[in-house]
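Undergrad: Here is what each chain is made of, one letter per residue.
2 protein chains.
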Amino acid sequence: MKNKQQEKRFYSKRKFMLEARNEAMKAVKSGDGGPFGAIIVKNGKIISKAHNMVIALNDPTAHAEVLAIRKACQKLKSYSLTECEIFSSCEPCPMCLSAIYWARIPKLYYGCTRDDAEKIGFDDNFLYKIFLGKRTKKNIKKQKIYRREILKIFKSWENKKDKILY
Amino acid sequence: MKNKQQEKRFYSKRKFMLEARNEAMKAVKSGDGGPFGAIIVKNGKIISKAHNMVIALNDPTAHAEVLAIRKACQKLKSYSLTECEIFSSCEPCPMCLSAIYWARIPKLYYGCTRDDAEKIGFDDNFLYKIFLGKRTKKNIKKQKIYRREILKIFKSWENKKDKILY
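Order-wise, the sequence lines are chains A and B. Going by numbering that gives the first Met the number 0, the first sequence opens with residue 0, and the numbers climb by one from there. Going by numbering that gives the first Met the number 0, the second sequence opens with residue 0, and the numbers climb by one from there.
Hints in this document: simulated from the structure, not taken from any laboratory. Treat the hints with care, since some could be wrong.
Said to hold, decoys possible - Quick look at which bits of chain B chain A covers, simulated, 3 or more residues with Cβ under 8 Å: (1) 10-20; (2) 27-34; (3) 65-78; (4) 106-113; (5) 118-131; (6) 138-150; (7) 156-164.
Yeah, the Cβ is synthetic: ideal placement off N, Cα and C, and Gly gets one too.
The shape of chain A in the complex, shown without the other chains:
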């Protein structure tokens, strides 16, 4: 019995990952964006599917994972996906991995890696290096200004009685 269950899980994972691949293929065929797809699953059922649409939507944040998260949240009417899993055709970039954390998705399956993505011209690997503190020519310039004045907002937030933490 245990083996059968394991086998079922195995086939489900494969099924979901192939769905993510199909989504990625849609992006390639349509020219909507980069070759990436993602699927969100809850209790063994697909809640949302998405492919990269950066070009089609003129939106640099329209990566497959971000779009799949947004769709799943709309469907479940919640900003939190604690009982879901995400299947991504490629290791998520830092934007998408952070989005997965913010959405509180506890489990991520992915196919290709950040190195594979780099080999076809994408910045995922570069971005991971930025977060490791590596300096490159492509680093953006950052400047902290007027912190004390802006910090007052956080006091207003702290004093707000009906605030919702996410």
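Position chain B relative to chain A; hints supplied.
TA: Using the frame of chain A, we list chain B on its own:
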């Protein structure tokens, strides 16, 4: 003359940062989301404004910077904001910082810091630690599966003649 120009720039920066603060205040007052705001500027003019709307939109990716980027891209009809600057009331979380990189915005000004955000209950600092490879109880589980099969998509991408890299 040079001093006057410098002074003008100084006041502009201050003006834009206070606009970002006003946006943050909107989020606090409305309850739309966390106390964060962002402004995108091109040639000294505000292109877009946004405040955090995670709660209002049921969208964990609806951070101020992400929303401001999306709006600016819609306005300029481009997925790239190479000639813009972004003013954020708080140091962007890794999702938003990555979005700024993907949008190719070369300059970021911010007010409060990731530590300030942590003190009022937000995960920004925790996420930065994740990217430094620190293990915590809150780490999500990641698993690479079926890489070889999925990698075929990247081959299709490489062979696509009219592909657009972003």
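Undergrad: Each hint: holds or not?
TA: Now the hints, each set against the structure:
no. : hint    : verdict
1   : 10-20   : holds (count 6)
2   : 27-34   : holds (count 5)
3   : 65-78   : holds (count 8)
4   : 106-113 : holds (count 7)
5   : 118-131 : holds (count 10)
6   : 138-150 : holds (count 11)
7   : 156-164 : holds (count 7)
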